[in-house]
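The lines below spell out each chain.
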Amino acid sequence: GAGVSQSPSNKVTEKGKDVELRCDPISGHTALYWYRQSLGQGLEFLIYFQGNSAPDKSGLPSDRFSAERTGESVSTLTIQRTQQEDSAVYLCASSTRTGLMYFGPGTRLTVT
Amino acid sequence: QKEVEQNSGPLSVPEGAIASLNCTYSDRGSQSFFWYRQYSGKSPELIMFIYSNGDKEDGRFTAQLNKASQYVSLLIRDSQPSDSATYLCAVTNSGYSTLTFGKGTMLLVSP
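Protein chains in written order, with the numbering used here: chain A, 54 to 165; chain B, 14 to 124.
Treat the hints as calculated values from the structure; they're not laboratory data.
Heads up, a few of these hints could be off.
Stated by the list, open to error - Here are the simulated DSS-like pairs of lysine-lysine, each with C-alpha atoms no more than 27 Å apart in a straight line:
1) B:K116 x B:K15
2) A:K110 x A:K70
3) B:K15 x B:K80
4) B:K55 x B:K69
5) A:K110 x B:K15
6) B:K116 x B:K69
7) A:K68 x A:K110
8) B:K15 x A:K64
9) B:K116 x B:K80
10) B:K15 x B:K69
11) B:K116 x B:K55
12) B:K55 x A:K68
13) B:K80 x B:K69
14) A:K64 x B:K55
15) A:K110 x B:K116
16) A:K110 x B:K55
17) B:K15 x B:K55
18) A:K64 x A:K110
Taking the hints into account, I'd like the entire structure generated from these sequences.
As structure tokens, then:
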């Protein structure tokens, strides 16, 4: 498919464990974003990658959260020592140079 | 801090009516404006974008932008029950590429 893909689609983990979420952006999209959405809430910006520039990490809620991107392709979001408040849907998106942003299907994270 | 405000709704309209969804934003430097539709349990889907003052039409959807008043709206003509979803307004400025999203307006179209 030509869309943004994310894996896993669902992840259940125990409090205190680390998790890694993966995003494959649309080919040719230079920008990649991570957002999260808690149940019934709006979208919360986490981090933004643009080409080889330093990422904008201003939305990461704590130092337990980190993300990496390899060139202009795959990105991984890592949450260390997960807490129950980390439970949410984590959405990845990529965009064209004109700013049209397309979202992946998301990863639903549940911390028990 | 950039803010995007939307009425949370729900906005209820009968099938066949025009649904009007509104959004205001705080950053006068905002340059690009987007509307996303999000069905329950799904990720947001881009449905409209507008960059210039005025109207932009695409099928049953019309986006309206008024930069002087700092508002953007989405009109859905001949609303269908399948249009029932949450509509997210998103805004970006020329110097900062991330989108700021509103919390969304829930639209309910009754048959």
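*Is it true that the CA of K116 (chain B) sits at most 27 Å from the CA of K69 (chain B)?*
Satisfied, since the Cα-Cα distance of roughly 23 Å is no more than 27 Å.
_Can you confirm whether the C-alpha distance between K110 (chain A) and K15 (chain B) stays at or below 27 Å?_
Distance ~17 Å between K110 (chain A) and K15 (chain B) Cα, so the pair holds.
_Given hint K80 (chain B) paired with K116 (chain B) - CA-CA distance at most 27 Å_ = holds, 20 Å
*Sort out whether K110 (chain A) lies within 27 Å of K68 (chain A), counting only the CA atoms.*
Measuring from Cα to Cα gives roughly 24 Å; hence the hint holds.
*Given the proposed pairing of K15 (chain B) with K80 (chain B), does the C-alpha separation stay at or below 27 Å?*
holds, 15 Å
*Take a quick look at whether K110 (chain A) and K55 (chain B) sit within 27 Å of each other, Cα to Cα.*
Judged against 27 Å, a Cα distance of about 25 Å means the pair holds.
_With the threshold set at 27 Å, check whether the alpha-carbon distance from K55 (chain B) to K69 (chain B) stays at or below it._
Status holds; Cα separation ~26 Å.
_With the threshold set at 27 Å, check whether the alpha-carbon distance from K110 (chain A) to K116 (chain B) stays at or below it._
The given pair, whose Cα atoms are some 21 Å apart, holds under the 27 Å limit.
_Distance restraint between K80 (chain B) and K69 (chain B), which requires alpha-carbon spacing of 27 Å or less_ = The given pair, whose Cα atoms are some 14 Å apart, holds under the 27 Å limit.
*Has the given pair, K116 (chain B) with K55 (chain B), been kept, meaning a C-alpha gap of at most 27 Å?*
Holds: K116 (chain B) and K55 (chain B) sit about 15 Å apart, inside 27 Å.
_Tell me if the straight-line CA distance from K55 (chain B) to K68 (chain A) falls inside 27 Å._
Distance ~26 Å between K55 (chain B) and K68 (chain A) Cα, so the pair holds.
_Agreement of K116 (chain B) and K15 (chain B) with the hint, judged by alpha carbon distance not exceeding 27 Å_ = holds, 13 Å
In the structure shown, a violation is registered for the earlier hint numbered 8 alone.
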